[in-house]
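**Q** The lines below spell out each chain.
2 protein chains.
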Amino acid sequence: MLPISQRGNAMPASPIRKLVPFAEAAKKRGTKVYHLNIGQPDIETPKAVLDAVRHSDFKVLEYSHSAGNESYRKKLVQYYASVGVQVNANQIIVTTGGSEAIQFGFMACLDPGDEVIIPEPFYANYNGFAVAAGVNVVPVTSHIQNGFALPPMAELEAKITQRTKAIVICNPNNPTGYLYSAAEMEQLKQLVLKYNLYLFSDEAYREFCYEGHQTSALHLEGIDDHVVIMDTISKRYSACGGRIGAFVTRNQQVLDAAMKFAQARLSPPSFAQIAGEAAVDLPADYFDTTKAAYKARRDLIVQRLNAMEGVFCPNPGGAFYAMAQLPIDDADRFCQWLLESFSHQGQTVMLAPATGFYGTPGLGKQEVRLAYVLNLDDINAAMDCLEAALKVYPSKI
Amino acid sequence: MLPISQRGNAMPASPIRKLVPFAEAAKKRGTKVYHLNIGQPDIETPKAVLDAVRHSDFKVLEYSHSAGNESYRKKLVQYYASVGVQVNANQIIVTTGGSEAIQFGFMACLDPGDEVIIPEPFYANYNGFAVAAGVNVVPVTSHIQNGFALPPMAELEAKITQRTKAIVICNPNNPTGYLYSAAEMEQLKQLVLKYNLYLFSDEAYREFCYEGHQTSALHLEGIDDHVVIMDTISKRYSACGGRIGAFVTRNQQVLDAAMKFAQARLSPPSFAQIAGEAAVDLPADYFDTTKAAYKARRDLIVQRLNAMEGVFCPNPGGAFYAMAQLPIDDADRFCQWLLESFSHQGQTVMLAPATGFYGTPGLGKQEVRLAYVLNLDDINAAMDCLEAALKVYPSKI
Chain A
28 MLPISQRGNA MPASPIRKLV PFAEAAKKRG TKVYHLNIGQ PDIETPKAVL DAVRHSDFKV
88 LEYSHSAGNE SYRKKLVQYY ASVGVQVNAN QIIVTTGGSE AIQFGFMACL DPGDEVIIPE
148 PFYANYNGFA VAAGVNVVPV TSHIQNGFAL PPMAELEAKI TQRTKAIVIC NPNNPTGYLY
208 SAAEMEQLKQ LVLKYNLYLF SDEAYREFCY EGHQTSALHL EGIDDHVVIM DTISKRYSAC
268 GGRIGAFVTR NQQVLDAAMK FAQARLSPPS FAQIAGEAAV DLPADYFDTT KAAYKARRDL
328 IVQRLNAMEG VFCPNPGGAF YAMAQLPIDD ADRFCQWLLE SFSHQGQTVM LAPATGFYGT
388 PGLGKQEVRL AYVLNLDDIN AAMDCLEAAL KVYPSKI
Chain B
28 MLPISQRGNA MPASPIRKLV PFAEAAKKRG TKVYHLNIGQ PDIETPKAVL DAVRHSDFKV
88 LEYSHSAGNE SYRKKLVQYY ASVGVQVNAN QIIVTTGGSE AIQFGFMACL DPGDEVIIPE
148 PFYANYNGFA VAAGVNVVPV TSHIQNGFAL PPMAELEAKI TQRTKAIVIC NPNNPTGYLY
208 SAAEMEQLKQ LVLKYNLYLF SDEAYREFCY EGHQTSALHL EGIDDHVVIM DTISKRYSAC
268 GGRIGAFVTR NQQVLDAAMK FAQARLSPPS FAQIAGEAAV DLPADYFDTT KAAYKARRDL
328 IVQRLNAMEG VFCPNPGGAF YAMAQLPIDD ADRFCQWLLE SFSHQGQTVM LAPATGFYGT
388 PGLGKQEVRL AYVLNLDDIN AAMDCLEAAL KVYPSKI
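The listed protein sequences correspond, in order, to chains A and B.
Convert by adding 27 to the 1-based position in the first sequence; the result is the number in our numbering.
Convert by adding 27 to the 1-based position in the second sequence; the result is the number in our numbering.
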């Protein structure tokens, strides 16, 4: 028998995908499943973005520059300026999705055994990228009672050791939808300055803020060397399958190191760079329209959830996720039961158990994440299912 | 000052890209540069492959399955059957280029401190993927005198330690063009069985064999658990920018481990999966035509090189690279000089110094790699430049 690697063993399986076989079995039984479990929006990719690819007329599908096409990076400079972030084209490396931007940051800045502090609950794949890089994730718990606000600085500081190299935030947050305030971002700035840490800021959901404005980590002054932004077009333009993201920093050494990882994998995908470049030229009202659609969904799902007995859902300020506390024994068991043993008028709903988003074992057992990526009718139908389910779930508490 | 990581420091810069500024400067001076330095073919991507993307009519650019679209994986099963490799759709993970397939193999099967044996000269980016994975590359030297045949088994065996976990080959080979014989593949089979090693086989150039047939590592019987194929559509269909590859193995544990890395990065690019799927339906004569074009180029470049005084170029059996020994002091210096200080009728040629392909310091100083990715006229013009250059190069030996 050939051994697989220790990191291959340690690598976490996707906490969401483990429920997929139960969803497939439900569908085979004829049950309609509403997917609120993953961040795959039903909102159409803008036609102009897809058409840019469809109307392309090159003859050879060539490698692009390892940092991405210069024409696209120049467009991204315009995009970032539009959100108040001043960078130049050489401070951007186009990546294969936001995923690769996170990997580049971990690889270029962190060594095996180093620690990164992440407010939990957090995007589960940070665990996977950390295992791949040999890095240890140190969670600091945020709480549903205050909407998952940034934990007090003293709690973050208490986690800092000699091996701490970075703080990772996602803003607005996946899975909580929490939008960090300007004051919280200022606290983080002081912290990374005090302890000489990197601030990795995943800003995939930047455009979707419903209560106030996003403070980008690159808005913070005086910490240029500390900040790396991990970005993606996946959510911004409903272009998840393009696999185009960006690694953005003003730290030249970090750029140089990340570029070596970028060169090793040759280039990001060429087709979707064309899409990304076209997306920057979308009409100015594109985000207004999309944001209005998500806001209506958020308002509906939060209202429906809080109207259910024993359910609490804080109002998320951004992204397209809501976390809800349910009167249940165990979120994993409940989510599986929804697919395996329940239906309401031939329908059920697939949710993400929050346990997969916590680094601390045992947390999140009464919480689920709901991605409001479906239209209002579907959200209502899904909430009807959840409401009915909670009335009959055997292990209700 | 914030430190970058040790692995960020250890990560090798691309040995080819370091010459790019000199090529750019030559072009600015008005010198035409023939690029024989990288494997970017000028052969057009088949129109049917590009049209499949251009005529696509989906509305949302969605994530695909983490293992790639099932429809594409089923097509790949057909493709592999056509080259005598029997696998099923669950034994294939569609990757972001061959690069990611190599990364998945290193990550899933190897731990930091493990060793992989690779015949040198080898594809330079194996170094980068090894550094990213914390793995040590142990080179075994092959020699230009016998066309870079597989080194004797005793030399490979002498390198095996307790930490040796895999042998990596590229067949047909980049950078040497060497096509491993069935007998050599059988020797490798016996070796991996004897020492319980993985055999990672990079088969990016499978379709381009000019002397006999390729023996795929998946043709070898009785070592299913040992073999992982790293594959890509980049060269096969002149689709380098698509960033679509494949990780193929019959070892279920390795598939399970690799899938966790695949899930963490969500999915491979969607547009180019459409291209890859269409490519499997190309007419049966597609590879005949393409191969004939490369063979004519190979015949020309080898003939031209061997006709130059003091130059030796073994006849490569596959891929689209030739290695040549030149009567020069230092390949890096010579290649830079070609761009910086030489021109012939307003033209020059860019080559890859072979030093970047050797793991053993000091080797390859009189060798260069030539990618015959240009048409016959351009190859002739490039060889005119090289011939003229060798007559006047100041450090000729």
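Don't take every hint at face value.
A pair counts as met if it fits within one copy or between any two copies, since identical chains are not told apart.
Pairs of lysine to any residue residues, derived as SDA-like cross-links and limited to a Cα-Cα distance of at most 20 Å, are as follows [as the list claims (entries may be wrong)]:
1) Lys74 <-> Asp84
2) Lys102 <-> Pro48
3) Lys322 <-> Ser41
4) Lys318 <-> Val47
5) Lys101 <-> Val307
6) Lys86 <-> Glu211
7) Lys59 <-> Asp411
8) Lys423 <-> Ser368
9) Lys55 <-> Gly337
Derived by calculation from the structure, the hints in this document are not laboratory data.
**Q** Okay, which hints does this one fail, numbers in order?
**A** Of the numbered hints, 2, 3, 4, 6, 9 do not hold.
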